[in-house]
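Visitor: As given, the protein sequences belong to chains A and B, one line each in that order.
Letter by letter, the first sequence follows residues 1 to 159 in our numbering.
Letter by letter, the second sequence follows residues 1 to 292 in our numbering.
One should not assume that every hint holds.
Quick list of simulated restraints, FRET-style, between CB atoms [stated by the list, open to error]:
1. ARG162/B to HIS4/A: 50 to 60 Å
2. GLU258/B to ARG128/A: 49 to 59 Å
3. SER264/B to HIS119/A: 31 to 41 Å
4. ALA153/A to LEU157/B: 26 to 36 Å
5. LYS117/A to ARG188/B: 44 to 54 Å
6. GLY71/A to ARG65/B: 26 to 36 Å
7. CYS101/A to ARG65/B: 28 to 38 Å
8. ARG162/B to GLY12/A: 22 to 32 Å
9. PRO141/B to GLY83/A: 54 to 64 Å
10. ARG290/B to ARG137/A: 25 to 35 Å
11. ALA85/A to ARG162/B: 33 to 43 Å
12. GLU258/B to GLY12/A: 49 to 59 Å
Read the hints as simulated data drawn from the structure, not as lab findings.
Just so it is clear, CB atoms sit at the ideal spot from N, CA and C, and this is done for glycine as well.
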Amino acid sequence: MTEHLITFTLNGRQREVRVPAHRTLLEVLRDDAGALEVKEGCGEGVCGTCTVLLDGEPVSACLVLAPHAAGRRITTLRGLGEGDAWHPLQEAFATAGAVQCGFCTPGMILTAYAFLKEHPTPSREDIRHAIAGNLCRCTGYAKIIDAIMRVAAERAAGG
Amino acid sequence: MPAVPFEYHAPDTLEEAVALLAKHADGAKALAGGQSLVPLLTLRLARPDVVVDLNHLEALRAVRREGDNVVIGALVRHRALERGEGPLRDCPILQEAAALIGNVRVRTLGTIGGSLAHADPAAELPAVVRALDGTVVARGPQGERSVAASEFFVGALTTALRPGEVIVRIRLPVLGPRVGYAVEEFSRRAGDFAVIAAVAVVEVRPTGEIVRARVALAGAGSTPARLPGVEAALAGERPDARTFRRAAEGAAGEIEPEGDAHASGAYRRHLARVLTSRALARAAAVASRRTA
């Protein structure tokens, strides 16, 4: 089985792995790069749990073959905050009670992050659509939407 | 579950890609955005010996205007269609249709060529290409050929592509003034494949009558279905709600949908009527606004 040498940037740091092409980015991130904040849910692209940003755009890490990471910039939840400080979305999720079991949270926050970059002043309805591809089995979503709204409102207020 | 290991090639030229696909024929799969193929690999429903990754073929990402057509490279992503930048703006139905595809992650990577080649009967883009009488340009060992949308979709997950052929671009007509469009769909959950999707394109005269209406349905059979009876009933008519409702009644008689876990055949017929009527009415309203 041929292995491919793949270099990519993970949360700002260059990484190099040697993997066969049939491995997914999810496996590479968790097993080779130790990025355990990336969670595996359904493994078929439906639940959004393994969402990461590929050059800033959300993808299901389970539906990306390892070679597609070559030369790309990958951002996981750990890449959002400044150093040890939390990102405002992380703060807002904690404060709003948008985290229960926490398994969907990394994917949910990354989806919200990419969405807010493009839509800085969303309505609740816009947010509902934006996170429709991320499943949460605990919260009932209302508090997740509250948290995302809060961050958008703080930014609009210049916070 | 990890995919069964395969030999992986990422050629830099179309010639190499076609040669590899032709050489390995049924044992090879072309990889574009991977949003249909990768789950098939990891569920082990597909076990190709060879995967030919098309993502290094930069020429397949181009979009250009050619006379009255927009020519879209096979590797153009759904997100680009959804954003509708550049010449894609001239065929704005793509924006509406692409926004309905899967979830945002699928749209980040999924491609128009991949969607057409995969030919899921419930997918939106095949129905749009069928409604617009688009053309699929394929490249194979014998060179390039153009296939009309009416000939391209052969059955569920089956197209007119021959072994060794890949889609290189798609030609769609520019939607000019007084041409309106709409995509209406019903799905069980946001982001699911449509149970039924209705794609309508309506052209109106300055005086208001319908010049031509085109309707295609996804989810109503093994391939996207045009509704010639509904279309014929609308030519020359005034675009009012009653006319659309009456014409759309005919939709149910033009399809033979099968029942499955998502919906019975009878429910699909009902949806075909309702969604066809809604799509036509909205397309006509859009047409009357597009006067410039």
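Visitor: The structure should be examined with respect to each hint, and the outcome stated for every one.
Guide: Hints, one by one, checked against the model:
1. For ARG162/B and HIS4/A, the hinted distance range of 50 to 60 Å is not satisfied, since their beta carbons lie about 30 Å from each other.
2. Checked against the hint of 49 to 59 Å, the pair GLU258/B and ARG128/A fails, with Cβ atoms roughly 32 Å apart.
3. Taking the beta carbon of each, SER264/B and HIS119/A are about 38 Å apart, inside 31 to 41 Å as hinted.
4. In this structure the supplied range 26 to 36 Å is violated for ALA153/A paired with LEU157/B, their Cβ-Cβ distance being about 46 Å.
5. Distance hint check: the CB atoms of LYS117/A and ARG188/B are about 30 Å apart, inconsistent with the given range 44 to 54 Å.
6. The hinted window of 26 to 36 Å between GLY71/A and ARG65/B holds, with their beta carbons roughly 31 Å apart.
7. Look at CYS101/A against ARG65/B: about 50 Å separates their beta carbons, and that is not inside 28 to 38 Å.
8. In this structure the supplied range 22 to 32 Å is violated for ARG162/B paired with GLY12/A, their Cβ-Cβ distance being about 46 Å.
9. Take PRO141/B and GLY83/A: their Cβ atoms lie about 55 Å apart, and the range 54 to 64 Å holds.
10. A hinted range of 25 to 35 Å for the beta carbons of ARG290/B and ARG137/A is inconsistent with their spacing of about 44 Å.
11. A beta carbon spacing of about 57 Å between ALA85/A and ARG162/B contradicts the range 33 to 43 Å that was offered as a hint.
12. Restraint check, GLU258/B to GLY12/A: a C-beta distance of roughly 51 Å satisfies the suggested window 49 to 59 Å.
Hints 1, 2, 4, 5, 7, 8, 10 and 11 from the earlier list are contradicted by this structure; the remaining hints agree with it.
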